[in-house]
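Trainee: Given next are the chains, with one letter for each unit.
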Amino acid sequence: MEWMSRLREPKFWLLGLIAAIAAIHLTLVDRIYNEDLFATSALFWLAAGTLLWEKRKDVEVESHLPGVIGGVILLSLVLLRSLTLPDSKLFLCLLPLFGLLGLVLLTAGSKGLRKYRHELAIVAVLALYPLVERLLRSLPLSTWTAKAANTLFWYTGTNSQRAGVFLTIPGGRTVEVYEACSGAQSILQMIFVSALFLLMFSLKPVQRVITILVAIFLGFFTNAIRVCIMTVLVNTDSFEFWHTGHGSLIFSVISVALFGLFAWFAFLREPKQPPMVGDNQ
Amino acid sequence: MTSAKSLDSARLPILAVLFLASAAILVKAIATPKLPKDRLASPFLAAELHQSPALPDWQLIRTTPLKNLEPDKADQVVGRSYEYRQGSQTLRVDLRPQYGDGGVARFLRIASEVKENSANLKPIYKPGVGHYGVLATDKRLYLTACINSRGESTLTSQQFQKNRYSQDLQPGRILPWVLGQKSSFFDERCLWALMSVPLPSNPERNLDRVQAAYATLESAWVPLQQWWQANFPTEE
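From first to last, the protein sequence lines stand for chains E and P.
Numbering that gives the first Met the number 0 puts the first residue of the first sequence at 0, with every later residue one more than the last.
Numbering that gives the first Met the number 0 puts the first residue of the second sequence at 0, with every later residue one more than the last.
What the hints contain is simulated information worked out from the structure, not anything from laboratory work.
Hints are not guaranteed to be accurate.
Covered stretches of chain E, as calculated for chain P (at least 3 residues, CB under 8 Å) [claimed, not checked]:
#: 1; stretch: 7-13
#: 2; stretch: 18-28
#: 3; stretch: 67-74
#: 4; stretch: 82-88
#: 5; stretch: 166-180
Computed list of lysine to aspartate or glutamate pairs in EDC-like fashion (alpha-carbon distance at most 16 Å, straight line) [stated by the list, open to error]:
#: 6; chain 1: E; residue 1: Lys114; chain 2: E; residue 2: Glu61
#: 7; chain 1: P; residue 1: Lys36; chain 2: E; residue 2: Asp86
#: 8; chain 1: P; residue 1: Lys36; chain 2: E; residue 2: Glu34
#: 9; chain 1: P; residue 1: Lys114; chain 2: E; residue 2: Glu175
#: 10; chain 1: E; residue 1: Lys10; chain 2: E; residue 2: Asp57
#: 11; chain 1: P; residue 1: Lys33; chain 2: E; residue 2: Asp86
#: 12; chain 1: E; residue 1: Lys88; chain 2: P; residue 2: Asp100
#: 13; chain 1: E; residue 1: Lys146; chain 2: E; residue 2: Glu178
#: 14; chain 1: P; residue 1: Lys181; chain 2: E; residue 2: Asp86
#: 15; chain 1: P; residue 1: Lys33; chain 2: E; residue 2: Asp29
#: 16; chain 1: P; residue 1: Lys66; chain 2: P; residue 2: Glu112
#: 17; chain 1: E; residue 1: Lys88; chain 2: P; residue 2: Asp186
#: 18; chain 1: P; residue 1: Lys36; chain 2: E; residue 2: Asp29
Backbone N, C-alpha and C define an ideal beta-carbon position, used for all residues, glycine too.
Generate the whole structure from the sequences, applying the supplied hints.
Mentor: This is the structure:
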């Protein structure tokens, strides 16, 4: 029987193990209600999976004792820690890296580190998520966002006033730009979307810097516009929908879509064929 | 090459065992019901502050549980209020556990009777004690800060985060976290303290009494922070 002989191929167990680890990871992230991290993780798994899929023909299982031992230790640690259904964000961001690293060591040894360096780079970048988040949170982003929103109001001709992180517009409507609205989350998401883009497509160093800067800019300004809309909507029924409800997700859709447009027009679009010279010969 | 051969034959069972284990964990992760969103943040939020903190020269009169100020969660206990007496002076200390954020100005506005007056919060820093804030309303004078489990007290989110780097990035914290004894690597618990004394009815005419009230708060703050740091609820 064919499926019996397939069970003897390590490749299929490997595929199942990768899928199971990715599924465990996404399930655990879903349990902590962190939609941003869930979206970013799903995107990163999709990217790593795509790269692995392209290599599926030449997956060779070859490793030596040190690799097998290292891989088994890493995978056992990851699985044992996952058994307690952890809610630590730091662990959840390290899980894909340790999981994939363990798998690579187990099946391909130290040679695999080179062969699968792109996949490993993707999950390694995801492991930086808590670090970047902490860096962003240590910046006075709330004040900057309040300033930017104040400037945007000025452009629209609204007489707004700012005191620290408090914004007031005519009609006595005041909002406080506190940490969760400071744009740290939207900038974080954009940084990781752009980092993934940089990992998947090779660009020149200058283009890389520009890409990251554009992503940060988009994340910051979509959030500043969101703060303006929130200020106008405060004390109305629709406030909750746009603030914490599903309406709030539309802003990350907008910033990611704008980034996609930027990436398309700046780098990915195929240049038009130059007109053929001497067609009439 | 017999060792390589035996390694090859061992790899398949290893992969199979790992796959079955991960499939079992996946089933557990999916089947276990999710915690409700507001309980997830930390068990620390529901910490019961049963102890009776002693303040030198002050006598503890009574303690009362503090209720959530949001109308739809009014029966939820969110901390404890302690009343002290020294002669005719009374001192109130409200402690509310917070998690993940150290923005005291926001706590004041959404979770205390201070509300809009939180805009008048005046930051103070004292080396060895930490950052705290002082503010006055018509009736009371307040002193407020986050008591961190380690390090100086903090007033803003930035100061709180800075403390996490300087206090929590220690090799000794790695192993308990890897083993799952501690659920998060950074200890983001903030025991938010709000101390207050009553003010005389005409503060501008009784400046010496306002001064005295401020001195009272500051002198009680130092031992209060020390006591709670030494008796901080245990980390989970």
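Trainee: Indicate, hint by hint, whether the structure satisfies it.
Mentor: So, going through the hints one by one against the coordinates:
1. 7-13: holds (count 4)
2. 18-28: holds (count 6)
3. 67-74: Holds: 3 residues of the stretch 67-74 of chain E have a Cβ under 8 Å from chain P.
4. 82-88: holds (count 7)
5. 166-180: holds (count 3)
6. E:Lys114 with E:Glu61: The hint holds at about 12 Å.
7. P:Lys36 with E:Asp86: holds (12 Å)
8. P:Lys36 with E:Glu34: holds (12 Å)
9. P:Lys114 with E:Glu175: Answer holds: P:Lys114 to E:Glu175 is near 13 Å, not above 16 Å.
10. E:Lys10 with E:Asp57: This hinted pair holds, its Cα atoms lying about 10 Å apart.
11. P:Lys33 with E:Asp86: holds (11 Å)
12. E:Lys88 with P:Asp100: holds (15 Å)
13. E:Lys146 with E:Glu178: Within the cut-off at roughly 14 Å; holds.
14. P:Lys181 with E:Asp86: holds (10 Å)
15. P:Lys33 with E:Asp29: holds (9 Å)
16. P:Lys66 with P:Glu112: Cα-Cα ~12 Å, so holds.
17. E:Lys88 with P:Asp186: Holds, because 13 Å separates the two Cα atoms, which is no more than 16 Å.
18. P:Lys36 with E:Asp29: holds (11 Å)
Comparing the model with each numbered hint stated earlier shows that all of them hold.
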